[in-house]
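Chains as they are written, first to last, in our numbering: chain E, 1 to 217; chain P, 1 to 173.
It should be emphasised that the hints constitute simulated quantities derived from the structure, not laboratory data. Be aware that a few hints might be false.
[To be verified] When the alpha-carbon atoms are kept at most 16 Å apart in a straight line, the in silico EDC-like pairs for lysine to aspartate or glutamate are as follows:
| hint | chain 1 | residue 1 | chain 2 | residue 2 |
| --- | --- | --- | --- | --- |
| 1 | P | K94 | P | E53 |
| 2 | P | K52 | P | D82 |
| 3 | E | K2 | P | E135 |
| 4 | P | K27 | P | E65 |
| 5 | P | K80 | E | D89 |
| 6 | P | K86 | P | E135 |
| 7 | E | K112 | E | D74 |
| 8 | P | K94 | P | E135 |
| 9 | P | K90 | P | D102 |
| 10 | E | K106 | E | D89 |
| 11 | P | K90 | P | D133 |
| 12 | P | K52 | E | D155 |
| 13 | P | K28 | E | D89 |
| 14 | P | K52 | E | D89 |
| 15 | E | K112 | E | E77 |
| 16 | P | K55 | E | E77 |
| 17 | P | K27 | E | D89 |
In this text the structure is predicted, and so the values were computed from the model without any measurement.
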Amino acid sequence: MKLFVSEGNPHCLKVLAALEVTGVQCDVQYVNHEERVVPFLSRPALPALLLPSGLHLFSSNAICRYLFEIVGQDSSERCNQWLEWEATDLQPALLQALHMAVLHGKGSEVSKVLQGPLNYLEQSLSKGNTPYLTGEAVSVADVVLWAALYPVLSDSSLACERTSVKAWFDRGAVLHSCESAAQKVLQGKGLQGMKSYMQRQPAPQSSQSRDTQPCNS
Amino acid sequence: MALRELSSLEKYLGLKKPNKYSTQGDKKIPVLQNNNGPPLVGMVTIACHLVKEAKRPNLLGDCAESRAVVQQWLEYRVSKLDGCTKEDIKTILKDLNLYLQDKVYMAGNQFTLADTFMYYGIHPLIVDLAIQDKEQYVNVTRWFDHIQHYPGIRHHLPPVVVPRNRLYTSKHH
């Protein structure tokens, strides 16, 4: 089993944090952003995990879920729901926020773009009344969301006004693994550590154009 | 769209009592009220729940590896395929065509929920393809034709004619 990651790529933060939390032993290879590791994808997709069967996983959430499952922690329905929300709701907003903050220096826009998802997270955490997203213990959902939000939450005061998000984010258990993963990916440069990665990404569509041109309606 | 898909899935799974769904937000994300706890939100989450309810866990993969592969394609469907732009379509079909080159199903040799989900999601793209394009993406159309003839899958969707004999020679030869 071999994990391919690249420096400055925020998705790699998730899988490196999951690797630390689960303690799974795995070869980690740092490659260039442009390296095509997954043979059937025409665009570079990192992180990627080469499975013992020879198949590649190219979704960071599927990789994290797999790492948790092989140490005996299957994801629950609540977990599934958070992972789906992360991929369909949080990621598009996050991508747009990072694009603005890293490439256009508009850090002030971040809070506006992330307002919806962060409020949803705040509501769920305060209603659920448990220390972690799915209960009393850390799950793959915490690691994935933590790592996804780490670059923006550690770099700004976004969490301060949302007390439940802040308490969840500051809770020790995963924070250490996340910080260590962040150090590897961002090299202590904060948001600027992602610059060369973000420059190679297509500009995110605004939510408006996403709604007006779906090919699948 | 999403709700019709879930109801087709219920029929395929042979669930006796159809569920009632609501939707939330602009994107009309499906919501299932759950007697045993808070409601379940999201296509993938609800579909995996239905599979478990029907006691067909193999549809989610029969080992950790294939379960990860299935989840990956379910996520791909709702995050990449849904809402893709016209420019994305070619890349998606090209990548899938290469992926399916040596596979019968999305997760290899076993039929899973990933096939159902990708089939529903890719149907509108295949409907719009010209015959030449169908031949260009021959592995995708072979897989597609296989799934649309799979017992109990097609339900709410019209069948798409896929050429079985090559009418045109491929551009790549």
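We went through each hint and held it up to the structure:
1. P:K94 <-> P:E53: With Cα atoms ~35 Å apart, K94 (chain P) and E53 (chain P) exceed 16 Å; violated.
2. P:K52 <-> P:D82: violated (24 Å)
3. E:K2 <-> P:E135: Not satisfied, since the Cα-Cα distance of roughly 35 Å exceeds 16 Å.
4. P:K27 <-> P:E65: violated (31 Å)
5. P:K80 <-> E:D89: Cα-Cα ~12 Å, so holds.
6. P:K86 <-> P:E135: Given that 16 Å is the threshold and the Cα spacing comes to 19 Å, the pair is violated.
7. E:K112 <-> E:D74: violated (35 Å)
8. P:K94 <-> P:E135: This hinted pair holds, its Cα atoms lying about 12 Å apart.
9. P:K90 <-> P:D102: violated (20 Å)
10. E:K106 <-> E:D89: violated (21 Å)
11. P:K90 <-> P:D133: holds (10 Å)
12. P:K52 <-> E:D155: violated (41 Å)
13. P:K28 <-> E:D89: With a Cα-Cα distance of about 12 Å, the restraint between K28 (chain P) and D89 (chain E) holds, given a limit of 16 Å.
14. P:K52 <-> E:D89: Roughly 25 Å separates the two Cα atoms, so the pair is violated.
15. E:K112 <-> E:E77: Violated - the C-alpha atoms of E77 (chain E) and K112 (chain E) are around 30 Å apart, more than 16 Å.
16. P:K55 <-> E:E77: With a Cα-Cα distance of about 15 Å, the restraint between K55 (chain P) and E77 (chain E) holds, given a limit of 16 Å.
17. P:K27 <-> E:D89: holds (10 Å)
In this structure, the hints that do not hold are numbers 1, 2, 3, 4, 6, 7, 9, 10, 12, 14 and 15, in rising order.
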